[in-house]
Amino acid sequence: MRDVTRREFLRYSGAGGVALGVGGLPGLAAAEEKLKIGVVYVSPIAEIGWTKQHSLGVEAIKAELGDKVEITVLDNIFMPQDAERVFRELAASGNKLIFGTSFSHGTPMQKVAPRFPETAFEHCSGIVHLANLGTFEAKYYEGTFVAGAAAGHMTKTGKIGFIGGFPIPDIVGPANALLLGAQSVKPEITCNAIFLNSWFDPGKEKEAANTLVSQGCDVICSMTDTPTGVQVAGEKGAWSIGYASDMSKFGSGKHLTAFMLDWSRDYVGAAKAVAAGTWKPEVRWDGLAAGVVKMAPYNEAIPADVREKLKQLETDIGSGKVHPYTGELKDQDGNVKVAAGSVLSDPDIRGMNWFVQGMIGNLG
Amino acid sequence: MRYRIERRPEPSALMRVAAPAIATLLTIIVGSVFFAVLGYDPLATLNAFFVEPVSSLNGLSELLLKASPLILIACGLAVGFRANVWNIGAEGQLIIGAIAACGVGLFYPDPESFLLLPLMLIAGAVAGMAWAAIPAFLRARMNTNEILVTLMLTYIATLLLSWLVHGPWRDPAGFNYPQTALLPGAAMFEPFDYSYRLNSSIFITVIAVVAMWLFADRSFLGYKLSVSGAAPLAARYAGFRESSAVWTGLLAGGAAAGLAGMAELSGPLGQLSPQISPGYGFAAIIVAFVGRLNAFGIVLGGLLLSLLFLGGEAVQMSLGLPSALTRIFQGILLFFLLAADFFIFYRLRRLAEHA
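First to last, the protein sequences are chains A and B. Just so you know, we're using this note's numbering here: the first sequence kicks off at 1 and counts up by one. Just so you know, we're using this note's numbering here: the second sequence kicks off at 1 and counts up by one.
Source of the hints: derived by calculation from the structure; they are not laboratory data. Every clue listed holds true.
For lysine to aspartate or glutamate, the following EDC-like pairs were computed, each having C-alpha atoms within a straight-line distance of at most 20 Å:
| id | chain 1 | residue 1 | chain 2 | residue 2 |
| --- | --- | --- | --- | --- |
| 1 | A | Lys36 | A | Glu64 |
| 2 | A | Lys62 | A | Asp75 |
| 3 | A | Lys36 | A | Glu59 |
| 4 | A | Lys111 | B | Glu190 |
| 5 | A | Lys111 | B | Asp171 |
| 6 | A | Lys272 | A | Glu137 |
All of these numbers come straight from a predicted model, not from anything done at the bench.
My request is simple: use the sequences and hints to build the entire structure.
See below:
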């Protein structure tokens, strides 16, 4: 029985292969044909948050290239089993540029990309690159360093609180930079950190924010996909720092700033390059200088001279004059991880799985 | 006018056959109105939902790939459900099965051994059974509620998985991201064809369906279980031990879920990450009931749920329907299906008006 099945599969797959080959040809010849782009979101598009910022990138493609492109969007695709099917189907149905927007899309994209060598794959927050798979990522830590400096100026208790989705390097690193930014103002500041093990769990996040406030934290930074942390902080009279989008309207006037993400350059750039036939897989990792990370307008409650200093800090980080991870840096146990005068290397930043001294909490 | 719901003295033979047809018809009518009101062409939408996903060989392969774990787990669960043993923790048993199988796959000394896959298979099934043995022991010995224990153990399994992939089993070459290394080739099921994802693990499901049918409809133990479920007092009177129903029901569910976890790992996944199942363990409960706890009903139920899922993606892709709308439509279908089933055993009767 198995033999028959296998033979049949081979027969049909041969036909499928021919169909695919033929389907691939018109793409080369047609200059006027629309560029088909597929985008896969990890969650539904909400009013704010991670996926919203990606959808702004897609809007930017539409604004720039108008009816020269045809965009197919799928949302709420998280599990790798489902993602692989979706990427495969997008590629098979003629999309020449495909975006994955979550770390969990990585392994599926690595499996699908080699089968569709004519298709360009762009993976946000990916770590693996192939001949037709490029990645783009933001330097969140530049934003949290500036936000941390704002927190350092505004805290009275000397304690700030951090809520993270998962204890992965992309979250642990920015948490460290938040504290380092605050310590650049007042070296004795500490930071309590809590991980939810979920990107979207308003119930748990509310509990975490309440815990942090009752521990004495008077600035709360929440790096998840909800405005809950900002909301709870506002209700409790604590300052807050938003992530991904400007969350000031949720903060009861206590929203200090937010480190926002703007992927439009990545989306438009890739679409134009594929349309022009010049696309190459790149490793893009940008922050304040390129505008991928942006600070939301500072709260008016921050003194004007401090606001000026923060803007200067943005410029200095952008120009490379200030590096958030400049030594000497020690871990929680007091071991020196970065010697005085040197800075943490890029691979070490992307793999950061340790807390700097002054962080209170565990990675787990 | 007043109506009353009352139990039919005999299950209705007509409704037994007609229920799925009525449910389908009502879903098509309500769904068409629903899509039309929202400005989508009903015919095109229904076509995209039910026909497009299975109109290619790849679509069929994906349908079976998605249905396979649902059917496998539902078969195991139905053994217990027939005896009123409520294992709702198949999700946790699936996770433990995948963890055990991955442990073998990662740490077996010879990564190219042809023994690797069979060993993982055994590890997955045994681990799933061991996880289910905890609630079985507690229920049989201490009369603990197995609904609570199986559900709670699911959270423990999830946290254990999270700890492993964040800690000791983390891929050393993976930038500290929470996932294990990819399993070696010998630890993976061979796809029938490399253009598609369907793999030979589907035969495990086929065997499970046949075994479930033989066990439930043809074996004495299966008969005893059904009696315990339908009439516990009669079963006790006949000398059937309740604890054997508890053990059999939970271990069957655990083994099936553990195997399903192993098959996901050695099939579409290839590695562990903090979330490995899109809720197969819970969806399988729906499959078991849509399939009326019968082996072949479960096959149809699993295929239906799987098709609903693929259809939901297809309408997003071809018509741009938001995923929330597709889930409402899926809910409508399941509602009508279960509601129509209700009328096999119950009927509405008009009450006489009293003067």
